[in-house]
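Sequence lines, in order, name chains A and B. End of the first sequence = 674 in the numbering used here, gap-free, step of one. End of the second sequence = 894 in the numbering used here, gap-free, step of one.
Don't take each hint at face value.
[As the list claims (entries may be wrong)] According to the in silico footprint, chain A covers these stretches of chain B (three or more CB under 8 Å from chain A):
| id | stretch |
| --- | --- |
| 1 | 484–496 |
| 2 | 505–515 |
| 3 | 540–549 |
| 4 | 732–738 |
| 5 | 760–767 |
To be clear, the hints were calculated from the coordinates, so they are not data collected in a lab. All C-beta atoms, glycine included, are put in the ideal place defined by N, C-alpha and C.
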Amino acid sequence: MPSSSSFKEEHILLIVPGSQTTLAQLGLPESFTPARLRISTRMFPAEKKGEWEPLKVRERKVTKTVTTNGTEPTDGDISMGDVNGAEQHEEEETLYEEDPTTDEGAVWPIRDGRVVDWSCFFALLTHVHNTLSPTLHTPVLVVTQPAWTSRDHETLTQFFFEKFKTPAFCIMDAALAACYAFATGTATVVDVGYTKCDVTAVNDFIITEDGRATGMTGCGGDAMTQRLYDLLSAKGFSRDMCEQLKKNSICEILPAGTELPGENQGSQITNPAAAASTGATGDSTGNAPRGPGVDTEVGDEDQDRLKEGEADDGVLDVAGIVASGKTNEFLARKEKEKQDKAAAKKAAGEVAAAAKQARLPNSKRLKASFQYTERRSPDELNANGKRLAEIEAAESKRQKSPDLVTPTSATAEHFDTALARKEERRRHRETFIRRDIEVGAERLQAASGGTLEKIADAIHRSILSVPDHHKRTELWESLIILGNGSKVKGFRDALLGTLNARYLISPSSTTMFTSELPSTFTTPGPTGTNTPLPQSHSSTHHNPSGVNPLLLAATTSHLAPPGQSLHSQFQMQQVYQQQQQRVQQTQMMEQPKHGQTPMNIGVKKMPEYFPEWKEFGTEEASFLGAQVAAKVVFVVDQGASKGFMTRTEYNEMGPPAKFKHYRSLRLFHS
Amino acid sequence: MEVVGRVLTFNAFSQGLMNAADEISALVLDPGFSTIRAGFAGEDVPKSVVSSYYGVVPLGASKTKYLYGDNSINVPSPRVTIHNPMSADGNIENWDRAKKLWEYAITSRLTSAKPANPILHDKDDKVEQQDVEMDGMDEQEKPMAENPLLMTETGWNSGKNREKAVLLQRELATTTVVVMQKLTCHSFSVGKASALVIDVGASSTSITPVHDGLILKKGIVRSPLAGNYISDQLRLLFSTSSPQVPLNPHYLVSSKTPVDALAPSQAILRTFANGSAPDVTFRRLQEERLLTEFKETVVQVWPSGRLAGHDAQGRNNLEAAKNTPPRPFEMPDGYNQAFGAERYRAVEGLFDPKMALTDAAKPAPQAGWTIPELIKSSLSQVDVDIRPHLLSNVVVVGGSTLIHGFTERLDNELKAMFPGPRVRLSAPGNVYERKFASWIGGSILASLGTFHQVCVF
């Protein structure tokens with residue numbers, strides 16, 4: 005295809021839409037990186053119906069003070085105090101401003117992995133496209149959710165060709181993209197999203213549609229939040245708190261059968277940090293979580309205060325006291341202080357015990373606390389000048405108030421340097437309140453609502469639907485668990501634990517039978533492909549148990565420098581196929597060990613030739629896969645295998661042609 | 438293409454004529470007892486394979502929630518019951534649910550719930566919105582308004598049922614509906630105009646002679662000895678063997694401990710709160726999944742001669758079966774056993790009624806129900822002249838024929854019955870081609886140019 009030969013790596017546009025976050029990038033870097041553009045998959049309805057805004061636009065009613073003496077009207081925002089003009093009247097005016105911090109009123113066009121609002125989704129794609137401002141020679145690769153229908157693919161193709169005049173367009177299934185990222189052709193891809201989970205068995209780069217679990221609701225990250233909410237709502241937790249708790253590292257999913265902490269421990273031990281910052285006593289489990297309260301701040305300022313407090317401790321101006329004639333009073337006060345100190349010591353003992361508790365791993369601790377960032381209500385935010393002035397006042401008061409110590413020259417200096425920082429913090433505080441919340445063992449039960457079982461069942465179902473019986477062993481051994489829903493600490497291990505506990509065939513039976521089996525016997529293969537015609541004598545496949553050809557391929561790729569690994573990516577498929585043939589030939593002679601699967605369950609490791617991804621984690625590996633695929637499809641292959649559709653083809657065939665293309669793409673992968 | 442025209446039993450009173458028939462690919466729908474296959478014509482595999490079972494969750498006095506698709510019916514929800522709109526012989530009984538299931542099969546993977554192309558409707562969004570609100574139901578009920586539809590039916594479907602299907606289809610698709618006989622589709626899928634099609638599915642086994650693309654209706658024979666029968670035989674085998682083989686599906690097991698073969702399982706079974714346990718029909722569906730795995734990995738057909746008979750050297754086949762290496766299977770609760778000769782017994786009933794496992798509730802099948810007898814009676818109904826044609830083109834399709842050794846045995850049986858004429862058995866080697874044969878046949882048929890002509894008439 006001569007027209008397509010000019011695609012350059014720096015021109016390729018990748019878009020990976022998800023229910024929550026859409027990833028995009030223009031151009032393929034030398035070494036593949038995590039997505040450069042991450043935006044929330046949401047748009048805000050604009051005033052005109054059918055039009056959308058990327059950010060929330062707030063109407064702000066501003067009272068303008070118009071003075072009649074001819075001076076410019078001042079913005080009433082801050083200068084409310086300036087009320088000494090002679091003749092004034094107030095006018096209401098509406099200001100529009102973008103608020104990047106809110107989701108309020110947003111429309112999320114993808115729900116449960118399906119596009120529910122195309123108008124909004126198109127607006128989002130346009131927004132992404134405009135943000136990255138690609139060239140006219142930009143081929144586009146979109147990673148689609150498994151739940152999208154053929155009609156959806158068609159619509160999307162039409163949109164890209166007609167709206168952006170894209171020269172070449174490629175649609176790729178998220179499960180396939182994951183396979184590309186993990187450099188494998190055969191894997192079971194478990195994509196845990198926000199409200200849904202997809203399980204796909206990919207066999208030699210071909211998706212097994214039969215038995216594929218697409219858009220399975222009730223087992224994504226949102227389901228875990230909901231579970232936490234169900235458990236904690238009685239204790240005064242809001243859904244937002246649960247969401248933040250889920251994202252915190254203290255929320256952990258324990259493998260099935262692990263004992264929850266605290267069932268046999270006393271409840272008097274508490275987290276010292278929580279006690280310090282909230283003033284909560286040990287048995288706060290039954291109460292609503294206590295924060296420091298509105299307008300107080302956790303963090304630097306407390307430390308500042310402590311530092312200043314230290315200064316007036318210990319050094320006594322005895323002469324002054326005696327001179328003042330209040331010795332008795334002073335002694336009484338001193339006595340009281342002593343008592344306080346003793347009490348503090350006692351408290352310190354408790355703290356030490358708590359510290360001991362704190363040294364335990366999170367999963368064994370009775371309680372833990374996390375910092376909760378709460379948004380102020382919009383009403384509170386909308387209240388203009390007055391509110392701000394209040395904050396200002398509180399601010400300045402606090403600056404002076406701590407222990408009523410007048411700032412020394414040193415602190416004044418400190419005050420100066422920290423001014424900018426404080427200003428920033430003030431702005432943040434305007435919209436958010438931070439406080440510590442303590443949570444009990446519920447934090448370890450996010451997936452206790454049957455989420456893991458549901459996913460495990462879907463995995464079992466998907467793999468058993470693969471017709472090539474001998475492939476099932478390999479599929480069980482190469483799970484790919486990704487998606488941001490799987491980010492919750494311990495999720496993967498817990499899922500593996502569930503799979504092992506429920507589906508693993510115990511080795512006892514196998515060993516028994518392999519030892520009993522006379523080696524000369526030939527057991528028939530597990531597949532029924534046995535037309536008794538001499539010419540159609542089909543080969544009997546057996547469990548691949550020898551050398552994993554992918555392992556070999558992966559290791560060879562691993563040795564190549566990062567730049568070259570991409571080319572080898574493409575070669576890898578060939579290597580893989582050759583290897584596969586060889587393995588199958590040798591296996592013809594071998595005995596099948598066990599018809600039933602799984603004998604072993606394992607996860608695939610992501611290749612480590614991209615240093616950026618190594619640190620980033622594998623949750624968004626689909627994006628890496630998209631980069632690899634884009635390189636293969638647009639640059640290496642250059643359309644020789646018809647991996648994408650060109651604009652000319654689109655003009656000739658129209659949107660339905662995408663079906664055929666999609667298929668040929670899949671054939672190309674195989 | 439004369440053949441196609443004759444074979445189609447198309448519906449003349451479809452109103453919407455297709456203007457650009459060539460550009461829009463037809464939908465092919467092939468409902469079966471265990472799965473519904475749907476996809477676009479011209480593709481090699483159905484993109485949407487949906488379980489024919491659906492779940493019913495009672496929500497209150499008069500409210501019920503229906504569950505469609507594998508994702509939801511396999512979740513042990515409280516009080517869920519599982520149903521199938523098909524009767525045991527593969528004809529549709531519950532038309533309302535069948536329609537919903539078909540709709541689900543098509544909208545979940547092929548077209549979206551709303552037929553309209555959102556790009557085209559961007560401009561008059563306001564009008565569109567109102568429309569949707571007012572008769573949104575109507576919009577929803579025609580999920581594939583733009584595509585003609587080809588639907589398969591069983592060869593023994595009554596005319597009344599077919600009319601019903603056509604009427605129902607008109608609710609689903611606004612353009613065109615063509616109802617095709619499944620078995621014609623089968624022969625199309627293997628590219629033969631004349632064939633004796635042996636289809637062993639879940640609910641029934643059927644044999645249909647097709648000559649020159651025409652189904653010889655009088656030659657259609659069928660019996661209920663198919664996949665479900667094998668499952669029942671397995672249940673009987675498990676309950677009568679000693680020790681009894683426990684049949685606890687995965688959802689009932691919360692954790693298992695490895696045990697030795699034949700030792701009682703030590704699994705902790707899941708308990709459900711009073712009144713929230715799923716219905717027995719749910720359990721049955723889950724058992725069926727387990728039995729399918731068992732059929733795939735353990736069950737075998739004795740390949741040569743009757744299991745009760747003797748081989749050429751006069752040795753007892755049953756004895757020979759006992760000497761074959763057993764195949765182990767582990768139940769979800771950890772119980773495991775090596776199945777020796779008994780793994781041949783479960784399917785032997787399909788060929789030899791005397792060898793079928795029986796108890797008081799399940800008598801031996803009628804002698805005429807076995808596959809060899811069905812072939813005999815089918816052939817006896819057709820003209821003597823075409824019998825050799827048919828015998829040289831015996832096509833084996835259906836998921837249950839994937840049981841190991843099935844085709845080999847069938848070949849032997851045929852050769853034993855008809856020693857004279859050239860008997861040739863052909864079974865697609867590809868698992869999909871065998872499981873989805875009627876869908877693939879429909880896909881080929883609907884992608885032919887003549888199909889669109891039929892639609893326009």
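Against the structure, the hints:
1. 484–496: Coverage by chain A holds for the stretch 484–496 of chain B (3 residues, Cβ < 8 Å).
2. 505–515: holds (count 4)
3. 540–549: holds (count 6)
4. 732–738: holds (count 4)
5. 760–767: holds (count 7)
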